[in-house]
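S.K.: The listed protein sequences correspond, in order, to chains A and F.
As numbered in our numbering, residues 12 to 122 make up the first sequence, in order.
As numbered in our numbering, residues 12 to 122 make up the second sequence, in order.
Hint data in this document are derived by calculation from the structure and do not stem from the laboratory.
Computed from a predicted structure; not experimentally measured.
A portion of the hints provided could be inaccurate.
Any copy, or any two copies together, can satisfy a pair, since identical chains are not distinguished.
[Said to hold, decoys possible] Quick list of in silico lysine-lysine cross-link-like pairs, BS3-like style, CA-CA up to 25 Å:
#: 1; residue 1: Lys13; residue 2: Lys116
#: 2; residue 1: Lys45; residue 2: Lys116
#: 3; residue 1: Lys50; residue 2: Lys38
#: 4; residue 1: Lys45; residue 2: Lys112
#: 5; residue 1: Lys25; residue 2: Lys112
#: 6; residue 1: Lys25; residue 2: Lys120
#: 7; residue 1: Lys116; residue 2: Lys48
One letter stands for each residue in the lines below.
Protein chains: 2
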Amino acid sequence: MKRFEKHIFICENKREEGHPRSCCADKDSSQLKKLFKEKLKQRGLNHIIRANSSGCLDACEFGSAIVIYPEQTWYGNVLPEDVDEIIENHLINGNVVERLKIKEKRFNKDE
Amino acid sequence: MKRFEKHIFICENKREEGHPRSCCADKDSSQLKKLFKEKLKQRGLNHIIRANSSGCLDACEFGSAIVIYPEQTWYGNVLPEDVDEIIENHLINGNVVERLKIKEKRFNKDE
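Build the full structure now, drawing on both the sequences and the hints.
M.R.: Below, the structure written as structure tokens:
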């Protein structure tokens, strides 16, 4: 295993008000990052699974957007109440959370 | 291929002055990110290789620190003059730039 078994990047990009693409920060992605960090720590997983703030992931239309590596799974419209499901299903058990996957082809196209 | 063939995260975390771990922002990592973005765009690679700002990657002692996915290669003490070599050797030709790899075991340990 490398340093992190899984590395989650949560977009916290903030655009000026009224920008046509909007931004993840306006969809409370900071709270999302906070929750991922807290819950991974509570489970003692934060040394092998890192939740990381990121700048714009160019998935603005799907905010809050996150990407999980090394598999590069893209999730969109992620809400605080989805965090437990992503941790349990994807990060711990290795099962993609289908309902949250970004459906647009250019994202998760070879899965 | 998924959305991005390679995804480079460049730490731009900024800590308060005098913090014992220092921070990548103090080592001009914003300039580094800017250079990666510019040079990838010049080569027409920015749609398949994305340079992304990130929050703290917990590699503060090796700032400016970057990590490249999906392979999770960690580079440290990266300077603006290293950008071309990382693009040419690693991102285009798939050869790790050994001299910039973070040598501490917990980073690139299984390579």
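S.K.: If a hint holds in the structure, say so; if it doesn't, say that too.
M.R.: Hints versus structure:
1. In this assembly of identical chains, the alpha carbons of Lys13 and Lys116 lie at most 25 Å apart only when taken from different copies (9 Å versus 29 Å within one copy).
2. Taking the closest pair of Cα atoms, Lys45 and Lys116 never come within 25 Å of each other, the shortest separation being 29 Å inside a single copy and 28 Å across copies.
3. Proximity of Lys50 and Lys38 under a CA criterion of 25 Å is satisfied intra-copy only: 20 Å inside one chain copy versus 31 Å between copies.
4. For a Cα distance limit of 25 Å, the shortest separation of Lys45 from Lys112 inside one copy, 21 Å, qualifies, whereas the shortest one across copies, 30 Å, does not.
5. Proximity of Lys25 and Lys112 under a CA criterion of 25 Å is satisfied intra-copy only: 22 Å inside one chain copy versus 32 Å between copies.
6. Taking the shortest Cα distances, Lys25 and Lys120 never come within 25 Å of each other, neither inside one copy (27 Å) nor across copies (35 Å).
7. In the homo-oligomer, the alpha carbons of Lys116 and Lys48 lie at most 25 Å apart only across protomers (24 Å), although the nearest pairing inside one protomer, at 29 Å, exceeds that limit.
When the structure is compared with the earlier hints, violations turn up for hints 2 and 6 and for no others.
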